Amino acid sequence: MNNTSPALEAINLGKRYRRGWALQDCSFSLPAGSVAALVGPNGAGKSTLLTLAAGIATATTGSIAVLGDVTGGRGPHSRLAFLSQDQPLYRRFTVEEMLHFGRAMNGRWDESYARRLIQDCAIPFAARIGTLSGGQRTRVALALALGRRPAALLLDEPLASLDPLARLEVMQALLAEVVDTGITLMLSSHVIADVEDSCDHLLLLADGRLQLDGPIDQLLATHQLLTGPAGGQPGWLAGDAVVETRSSTKQMTILTRRTEVSRPSDWLAVEPTLQDLVLGYLRSGGRSQGEMEPAA
Amino acid sequence: MIEYRIDRRSGVAPYMQIVQQTRQALRMGRLGVGDKLPTAREVVAATAINPNTVLKAYRELEHEGLIDSRAGVGAFVRRTLGRLESSLESPLATDLRSWVMQARESELERPDIEALVKAVIDLEFECSTSTEANATEGTPS
Numbered sequence: 005m006n007n008t009s010p011a012l013e014a015i016n017l018g019k020r021y022r023r024g025w026a027l028q029d030c031s032f033s034l035p036a037g038s039v040a041a042l043v044g045p046n047g048a049g050k051s052t053l054l055t056l057a058a059g060i061a062t063a064t065t066g067s068i069a070v071l072g073d074v075t076g077g078r079g080p081h082s083r084l085a086f087l088s089q090d091q092p093l094y095r096r097f098t099v100e101e102m103l104h105f106g107r108a109m110n111g112r113w114d115e116s117y118a119r120r121l122i123q124d125c126a127i128p129f130a131a132r133i134g135t136l137s138g139g140q141r142t143r144v145a146l147a148l149a150l151g152r153r154p155a156a157l158l159l160d161e162p163l164a165s166l167d168p169l170a171r172l173e174v175m176q177a178l179l180a181e182v183v184d185t186g187i188t189l190m191l192s193s194h195v196i197a198d199v200e201d202s203c204d205h206l207l208l209l210a211d212g213r214l215q216l217d218g219p220i221d222q223l224l225a226t227h228q229l230l231t232g233p234a235g236g237q238p239g240w241l242a243g244d245a246v247v248e249t250r251s252s253t254k255q256m257t258i259l260t261r262r263t264e265v266s267r268p269s270d271w272l273a274v275e276p277t278l279q280d281l282v283l284g285y286l287r288s289g290g291r292s293q294g295e296m297e298p299a300a
Numbered sequence: 003m004i005e006y007r008i009d010r011r012s013g014v015a016p017y018m019q020i021v022q023q024t025r026q027a028l029r030m031g032r033l034g035v036g037d038k039l040p041t042a043r044e045v046v047a048a049t050a051i052n053p054n055t056v057l058k059a060y061r062e063l064e065h066e067g068l069i070d071s072r073a074g075v076g077a078f079v080r081r082t083l084g085r086l087e088s089s090l091e092s093p094l095a096t097d098l099r100s101w102v103m104q105a106r107e108s109e110l111e112r113p114d115i116e117a118l119v120k121a122v123i124d125l126e127f128e129c130s131t132s133t134e135a136n137a138t139e140g141t142p143s
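Line order of the protein sequences matches chains B and S.
The number in the numbering used here is simply the position in the first sequence, starting from 1, with 4 added.
The number in the numbering used here is simply the position in the second sequence, starting from 1, with 2 added.
If you are wondering where the hints come from, they were derived from the structure by calculation, not from laboratory data.
Computed from a predicted model, the values in this text were never measured in an experiment.
We put the beta carbon where it would ideally sit given N, CA and C, even for glycine.
Don't take each hint at face value.
What the hints assert, rightly or not - Okay, the calculated bits of chain B under chain S, using three or more residues with CB under 8 Å as the criterion:
{"#": "1", "stretch": "169 to 177"}
{"#": "2", "stretch": "202 to 215"}
Unchecked claim - Computed list of chain S residues with no C-beta within reach of chain B, every gap over 12 Å:
{"#": "3", "residue": "Gln23"}
{"#": "4", "residue": "Thr49"}
{"#": "5", "residue": "Leu98"}
{"#": "6", "residue": "Asp114"}
If we strip away everything but chain B, and leave its shape as in the complex, we get:
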């Protein structure tokens, strides 16, 4: 491992289950210190990608390297922590007992750090896990994951079951961790609004394939949302730049990769929002959008 290695690097990563391919031809590189949103409809392959990265599942094709080390069926990487959707907490344990468990299960363990994270959210050590709110349980699970002092933390839908205030508090705690330790985060979500202001990197999955990935600023700057009069696709626009076209009776909206071609004055160009971009790419694949929620 060295500091210049990407936090995660996938090459032609694929996973086939008995029912078919859950993930295919997935290649990307995530720089250390990124806060990455793994976005896509339910069933897009988000959890599959996370379990492959976490070393819990074995890749059918390709590889994924964590901090320069190729995992793949060799078990979890010592510097990587994974928080699954069903947080690994015992409801009848107290917080204190959960910490004891964390200490016993992990070779690398920073007890005072884990305790401080619990104290930061004013959760009593004597409280039983089962009596805590969803937000508090997430904070305990986070403290257990971060007590291992990982260089990267993967979270599968960490905000899905939380109320808006708890969502905000969990994101605040995660991002403070990024500033304090330079940890790399990758969190999956099917709600774009939950993650768009908190993340700086996007991985967009649909139907088991990576549709788009890169720094969010860069992705937005290299696309344009054009609005103009209804009609056929304008001739001045190169067809291969077009991501998605939508028309109503009066108006046409086109998401394109940014081009410097001059456009007629009745066409307006703006930089897309992350939501424009994500929904444009998902719709252009002709996929059902029933489960992708644009807003909270």
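Given the coordinates of chain B, work out where chain S should sit on it, guided by the hints.
What follows is chain S alone, placed relative to chain B:
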């Protein structure tokens, strides 16, 4: 110390909201020369926006000469912005009020007036930025 509030539905990029709120605080005198801005960690812990967004906003403010960032110490206000022009008693505000009164006499509703003002501002700024862009073209820096 100033606290930033990020409105996710405003349509204004979060980094720009920080820039605007800082400028506003400078104009209103809530921030003075030498005052410290919150650290990236403090903003992140309060708003859950990405740390790079805070740094981007501070770079912009530094570029405008409004703040100084000192590595490991923090960001400090370097100069304030004139208050007079933005106060409600200023000549600009008086002119604007009489214009708004005229608009109301022409039976425009509040949303109409707001939309009109926004459209004119957008038009003005788009014109001026494109002139600036043209002006700087061909002058290597």
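Would S:Leu98 pass as off the interface with chain B, using Cβ distances and a cut of 12 Å?
27 Å, holds
Check whether three or more residues of the stretch 202 to 215 of chain B sit with their beta carbon closer than 8 Å to a beta carbon of chain S.
holds (count 3)
Beyond 12 Å from every chain B Cβ - status for S:Gln23:
For S:Gln23, whose nearest Cβ neighbour in chain B is about 15 Å away, the distance exceeds 12 Å, so it holds.
No chain B beta carbon within 12 Å of S:Asp114's:
21 Å, holds
Are at least 3 residues of the stretch 169 to 177 of chain B within less than 8 Å of chain S when you compare beta carbons?
Three-residue rule met by the stretch 169 to 177 of chain B, so holds; n is 4.
Against chain B, does S:Thr49 keep a CB gap of more than 12 Å to every residue?
8 Å, violated
Violated hint for the displayed structure: number 4, the only one.
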